[in-house]
Amino acid sequence: MMLRRVVAMFDERSGASPFVVKTLRYLFPDHWSFLLGEVALYSFLVLVGTGTYLALFFDPSLAHVTYQGVYGPLRGAEMSQAYKSAIDISFAYKGGLLIRQTHHWAADVFVAAIVMHVMRVFFTGAFRKPRELTWVVGMLILVTTLLEGYVGYSMVDDLLSGMGLAIGYGVALSLPVIGGNLALGLWGSPYPGDHTFESRMFIAHVFIFPVIIGLLLGLHLTLVAARHHAQFRRMRRQTNQRLVGVPTFPGQAPRSLGLLFAVAAVLFLLGGLVQINPIWQWGPYEVALGTNGAQPDWYLGWLIGALRLMPGFDVTIGDYTLVPNPFWGGVLFPTIVIGLMLVWPWVERRITGDRRVHNLLDRPRDAPVRTAFGAAFLLWVVLVFFAGSADRLYVFLRISYTSMTWIYRVATFALPLAVFFVVLTICRELQRSDALEADREAAEEEGERALRAASPQPLTPGTERATAERP
Amino acid sequence: MPRAQLARIVALAVLASGLATATAVAQPPVGIVRPDPDKAARMSPLQLGAQLFAGNCSTCHGGSGFGIAPAEGRRGVGDVAGAGPPLRGVGALAADFYLRTGYMPLGKPSEQPQRSRTLLHDNEIKALTAYVASLGKGPPIPSVHPAQGDLGRGRELFTEHCAGCHQVMAQGGVVTGARVPPLQNATPTQVAEAVRIGPYLMPSFSKHQISDAELQDIVRYVQWTKSPSDRGGWGISNLGPFPEGLVTWFIAAVVLVGTCVLIGKRVRS
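For the record, the sequence lines run as chains B and G. Our numbering puts the first residue of the first sequence at 1, with every later residue one more than the last. Our numbering puts the first residue of the second sequence at 1, with every later residue one more than the last.
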């Protein structure tokens, strides 16, 4: 009774009940791969939660201090206030290290979940009309996330972040014509920049990028809901017009809530048990310092790979370097990768001439060319990604570093090409055997039906074909 | 169960190829030529050292440690002029380091010396070291007491002088022309020796650049990196983003996809 009154009170004042009912009745088609996007969403929630806690203690200042805190091996070291506050978060505040590590793992997992989600969407053709905008917004989320992550670990001012920023500065500088002014504008003064750069990174990381990601996410989900989920066709009832799935309540909501808890559990377990970015071991950054084997977080590994694979050449006009080398790996490569993915829905429309609405998903084999292209493209990026860690392979396995570089340079072109044709053939074979299977089933059904109908009468010529082989 | 069988075969193949490369890598450079044991027992250490040197080292380092000049214009490994550099004056310090790390005797003069199981017995190493030391006046084996070093200063010095090649947690790396070894297997004495020698492409550091006291700090730090304070939990080999990415994909992503598959099953009413 009481509850009813409260609900009525809210409804009278908001008029929300039609909307709420609609939400609760919204249908989710059943398939595990549809949950990958939710994993990303929940990682983002964990990121915002842990990030808020960290922002309370992180001090984005490059003021010089001498460390006198609890961590012995750093005592007496000169460092920036920013780095010191990150060390203090790790050692001096309650739960600080747990939250810091969980935040970092959540970032790594967030991007991984996005990548898996994008793969699902791509290989099932979910980006087709009427969902192209959802796809584009999703790609923008991915790009913003990469920047957000980069700025996040860069503002800590430890040895690795300093080296990463030096590379970032080089890449910014490499942009033809505008590079010099852009880099100066962002950094405030030539590398390592002035103290405003640190606070700029901070504002970008805790405000600008998260807000952009949040807004894009809202838009993404609104677009998904507006056109409803696409679905695999696993039952006759599922058609381009009719959606079959479980309602938000009581079907999907508990399941989704369970997933939220699972994601949070995995992230906090990692944060508590597995060490990530131990900045106290890297030490504070100074311009003259560096370490061998410095790497960015995994989701930027493909850029380092590209920078390393690219043979060293610049485009020069006389004495003037128009396009410095970092441009190829650091700007051109990601632009091609992201750009291709952005426009793919339209490219595919051009190729296939298919402008219809698609609410039914493809299985990868149903669109051999798309699947083959996707596999090849993925392999291309993954190979470049692995090239970025060739130095570690050299230390572990002693495979010569220069020969590895050359192997990668060849492999990044040859292997995707090979994979394209292999996957194409596999898909076509699968399609053929599917068609055969369908033919057989249809024939058997037809035969049985004929047998049933005709049992008292002699066989008619029309049914002989399907029943001839039956004993 | 053809699928399980297939998986087992693949696993075996991977294991076998892994072992094959591992053994290929771990192969000792060459066998040791020794005087016969009865005679050896009657020799003085210096005599034994001379015998061993003649049998195992002189092909590269020359009959009495003068070194061997290269064929015209060619330079040996580590930019050393010749098949092997002269050993007069390198002292017990260098001999001790190169022999106890298993760097010497080298297999091929064109190869980077690598840490390997040394085939020489302890008394033979001592004899060879004494012999090499007797060739000319040179530095003795240093004595270091890592416990007396200052860890914080060691960290700073290591980051400044060594991390660019050896990685900040001494996990090794790559420089043009050389594999930089991780320092997990280096003893305190070997670290001190290496800094003064500068084996292969590593620069040598004089007492002006790194004083004996500072060297002790560095040694303390290198010792510490063998079991650093992994306050955050499992240290995943202190390499940073590389193993972190592996954990993200091979643990977190696998577990979460598994969760999705589990709870994404069709709900039956």
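These aren't lab readings, by the way, just hints derived from the structure by calculation. Any given hint might turn out to be false.
[Said to hold, decoys possible] Here are the simulated DMTMM-like cross-link-like pairs (lysine to aspartate or glutamate), alpha carbons at most 25 Å apart as the crow flies: (1) G:137 <-> G:212; (2) B:129 <-> B:38; (3) G:226 <-> G:214; (4) G:39 <-> G:122; (5) B:22 <-> B:194; (6) G:108 <-> G:214; (7) G:265 <-> B:444; (8) G:126 <-> G:38; (9) G:265 <-> B:38; (10) G:265 <-> B:354; (11) G:265 <-> B:366; (12) B:129 <-> B:366; (13) B:94 <-> G:230; (14) G:207 <-> G:122; (15) B:129 <-> B:362.
[What the hints assert, rightly or not] Here are a few chain G residues that sit away from chain B, every Cβ distance over 10 Å (derived from the structure): (16) 38; (17) 102; (18) 139; (19) 169; (20) 182; (21) 200; (22) 248.
[Stated by the list, open to error] Covered stretches of chain B, as calculated for chain G (at least 3 residues, CB under 8 Å): (23) 174-185; (24) 293-300.
Idealized CB from N, CA, C, for every residue including glycine.
Results of checking the hints against the structure:
With a C-alpha separation of about 20 Å, the suggested pair residue 137 (chain G) and residue 212 (chain G) falls inside the 25 Å cut-off, and the hint holds. For the proposed pair residue 129 (chain B) and residue 38 (chain B), the alpha carbon gap of about 22 Å is at most 25 Å, so the pair holds. Under the criterion of a C-alpha separation no larger than 25 Å, the hint pairing residue 226 (chain G) with residue 214 (chain G) is consistent with the structure, at around 19 Å. About 18 Å separates the Cα atoms of residue 39 (chain G) and residue 122 (chain G), which keeps this hinted pair within 25 Å; it holds.
Simply put, residue 22 (chain B) and residue 194 (chain B) have alpha-carbon atoms about 53 Å apart, too far for the 25 Å limit, and the pair is violated. A distance of roughly 35 Å separates the Cα atoms of residue 108 (chain G) and residue 214 (chain G); the hinted pair therefore is violated under the 25 Å criterion. Between residue 265 (chain G) and residue 444 (chain B) the alpha-carbon distance is near 31 Å, which puts this suggested pair outside the 25 Å criterion. For the given pair, residue 126 (chain G) sits about 18 Å from residue 38 (chain G) by alpha-carbon distance, which is consistent with the 25 Å threshold.
With a C-alpha separation of about 15 Å, the suggested pair residue 265 (chain G) and residue 38 (chain B) falls inside the 25 Å cut-off, and the hint holds. Restraint check for residue 265 (chain G) and residue 354 (chain B): not satisfied, since their Cα atoms lie roughly 32 Å apart, outside the 25 Å limit. In summary, the hint linking residue 265 (chain G) to residue 366 (chain B) is supported, as the alpha carbons are separated by about 23 Å, within the 25 Å threshold. The suggested pairing of residue 129 (chain B) with residue 366 (chain B) holds, with an alpha-carbon distance near 17 Å, which does not exceed 25 Å.
Taking the CA atoms of residue 94 (chain B) and residue 230 (chain G), the gap is near 18 Å; set against the 25 Å cutoff, the hint holds. Straight-line distance between C-alpha atoms of residue 207 (chain G) and residue 122 (chain G) comes to about 29 Å, which puts the hinted pair past the 25 Å bound. Taking the CA atoms of residue 129 (chain B) and residue 362 (chain B), the gap is near 13 Å; set against the 25 Å cutoff, the hint holds. Distance check for residue 38 (chain G) against chain B: the nearest CB is about 41 Å away, which clears 10 Å, and the non-interface claim stands.
The beta carbon of residue 102 (chain G) sits about 15 Å from the closest Cβ of chain B, which is more than 10 Å, so the claim that it is off the interface holds. With a closest Cβ-Cβ approach of about 28 Å to chain B, residue 139 (chain G) is found to remain outside the 10 Å limit, as its non-interface label requires. Not every Cβ of chain B is farther than 10 Å from the Cβ of residue 169 (chain G); the closest lies at roughly 6 Å, contradicting the non-interface assignment. At roughly 7 Å from the closest C-beta of chain B, the C-beta of residue 182 (chain G) falls inside 10 Å, breaking its exclusion from the interface.
Its beta-carbon lying about 15 Å from the closest one in chain B, residue 200 (chain G) satisfies the requirement of being farther than 10 Å from that chain. Not every C-beta of chain B lies more than 10 Å from that of residue 248 (chain G), the closest at about 4 Å, which undercuts listing it as non-interface. Given as covered by chain G, the stretch 174-185 of chain B fails the check, having 0 residues with a CB less than 8 Å from a CB of that chain where 3 are the minimum. For the stretch 293-300 of chain B, the stated coverage by chain G is satisfied: 6 residues place a CB nearer than 8 Å to a CB of that chain, which reaches the threshold of 3.
Checked against the numbered hints given earlier, the structure breaks hints 5, 6, 7, 10, 14, 19, 20, 22 and 23 and satisfies all the rest.
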